[in-house]
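**Student:** So the chains spell out like this:
2 protein chains.
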Amino acid sequence: MSERIRLGIVGYGNLGKGTVKAIQQSQDMELVAIFTRRNPQDFHIDIPHVKVEHISTALDYQDEIDVMLLCGGSATDLPEQTPQFAKHFNTVDSFDTHAKIPEFYEKVNKAATEGKKIAMISVGWDPGLFSINRVMADAILPNGENYTFWGKGLSQGHSDAIRRVEGVKNGVQYTIPSDEAIDKVRSGANPTLTTAEKHRRVCYVVAEEGADKAKIEETIKTMPNYFADYDTEVHFITEEELQRDHSKAPHGGFVIRGGKTGDNNNQIYEFSLKLDSNPEFTASVLVAYARAAYRLYKENQYGAKTVFDVPLSYISPRSNEELRRDFL
Amino acid sequence: MSERIRLGIVGYGNLGKGTVKAIQQSQDMELVAIFTRRNPQDFHIDIPHVKVEHISTALDYQDEIDVMLLCGGSATDLPEQTPQFAKHFNTVDSFDTHAKIPEFYEKVNKAATEGKKIAMISVGWDPGLFSINRVMADAILPNGENYTFWGKGLSQGHSDAIRRVEGVKNGVQYTIPSDEAIDKVRSGANPTLTTAEKHRRVCYVVAEEGADKAKIEETIKTMPNYFADYDTEVHFITEEELQRDHSKAPHGGFVIRGGKTGDNNNQIYEFSLKLDSNPEFTASVLVAYARAAYRLYKENQYGAKTVFDVPLSYISPRSNEELRRDFL
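Residue numbers (my numbering), protein chains in the order written: chain A, 310 to 637; chain B, 310 to 637.
Worth flagging that the hints you see were computed from the coordinates, not collected in a lab.
One thing to keep in mind: the hints can contain errors.
For identical chains, the list gives no copy identity; a pair is met inside one copy or between any two copies.
To be verified - Below, in silico cross-link-like pairs of lysine to aspartate or glutamate (DMTMM-like), each with a Cα-Cα straight-line distance of 20 Å or less:
| id | residue 1 | residue 2 |
| --- | --- | --- |
| 1 | Lys419 | Glu630 |
| 2 | Lys416 | Glu630 |
| 3 | Lys360 | Asp488 |
| 4 | Lys419 | Asp355 |
| 5 | Lys326 | Glu517 |
| 6 | Lys330 | Glu517 |
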């Protein structure tokens, strides 16, 4: 390997932990430091040469880190952190509040342009790989309809949103797709399906002692972007039950397009993921796109970029010759 | 639409006919002329303003055509035509002899670089969309294995190869995947599978009168790149049977990667197509990538390009703002 890409991680929750593991699988990458808002002394990272630092010291690492992987949540962390970091570092984040992406893009683009850095935003599998497939299917089969189904799985973004509700100690959310709806779409019938007909959302919540459960349930069910438009169930459980029954983070989903060409020929395009660990997979996508951020930066490009802006070869550690020979 | 992309088609077989239909579905595109080696008078194309011309006149259209879609076969047409045309036109082709792609790339790259044109090579679904998914899955899940399955379906490239065998009047080839093998791969077991364990190839051949059928069968079964490595069946049928039972061109297939992250978590990545019409779908991919060829050319890029070199937004008729807002 000619030169290794030096990475930093901001935020050491599930996604940050997955990112550490993903970097260890990538021979062209090297983790330099993990930055946290908590006390760095509380962390024991058993990897040689990797430092744990308080987030306030990040700027001292400008010359030692090529790309900073921002592993905070979309609700409150990334809207603040990405514009701040993008002025000083190439960044990759997984901002996933779909409705707010245009606004987020504008802010981050301004910051990254000022700093002459690359900020890859909204990377992961949705937004991310699913977005890529929605665009590809739409471009190739203009006469057709895109469908996205999620689950069955635990959604990090939605669980994060639950945990930020006042009075909530802990919680998880499962998204469950409708088999009947998927079969209809696979037939090429291009049905009209409301979001609620495609999925429901099931939440398991641990309330803080003395919290107002009715208010928590109401706050979750009416939360805009996350729950308001869905058929949402809220179940209150104990911390012990949560740890015992809901500690894994499986997920997955489907992007399907039924298109028609020529004389009414059905062309069914389908992409799917079945993930034992959602944060580890999302982290793996972030790390691959760190490669792209680094290469775009080396070409003197800057500004906010999405998965739509990146030639695919930029996320691969392999040479163009190898890709043409063995993968085309 | 600000400006329409002006297209030409070279070769009016199944792929050329599918391309005409795909262009008609694309509002930002306009078909100028179809070029054929046969007598143009023999063709009746019922589309206003579209000319049918002999291939020898193509150079007269340099100022009227932005991108030329090369719809010939990979066995003998494209190895000659793409390097010739790439000197004078931006081109898109579907060269699909995987083993010869590096050599083809070098030749075409030289021609397109001389002519300062863009030559998008090996576009379609395999090579093409399947290649994209092989690279993406490999980059994101380095610890894993890629599997490609084809069919059940009629392969244009392989049927073309059969029809070029001496003594063959007509013929089709079906590729059939093994369900058992697919299930193993979906389980995340990452089995070792030989190509023959994954598929078999079944050929239906119409021999010319008096032809040596044993020799035809032998020639097909030993053809390098196409059949030699596979369990291949050859059935001789009449032209009537061929027209009655094998006139449709369905196809499809799967790219699956079983990868592992972290502590032995299985992450299953799957892409699949189920196509009523293989040539119409391949044509739809060619047309989407004509958009990319045109945009790269407008940026003063040139040379041979593959699907790995193109930012995804370049194949979409939609603006970057729209893609971020509605597809990310």
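**Student:** Compare the structure with each hint and give your call.
**Tutor:** Hints, one by one, checked against the model:
no.: 1; hint: Lys419 x Glu630; verdict: between (36 Å within a copy, 15 Å between copies)
no.: 2; hint: Lys416 x Glu630; verdict: between (37 Å within a copy, 14 Å between copies)
no.: 3; hint: Lys360 x Asp488; verdict: neither (46 Å within a copy, 49 Å between copies)
no.: 4; hint: Lys419 x Asp355; verdict: neither (37 Å within a copy, 51 Å between copies)
no.: 5; hint: Lys326 x Glu517; verdict: neither (26 Å within a copy, 66 Å between copies)
no.: 6; hint: Lys330 x Glu517; verdict: neither (32 Å within a copy, 62 Å between copies)
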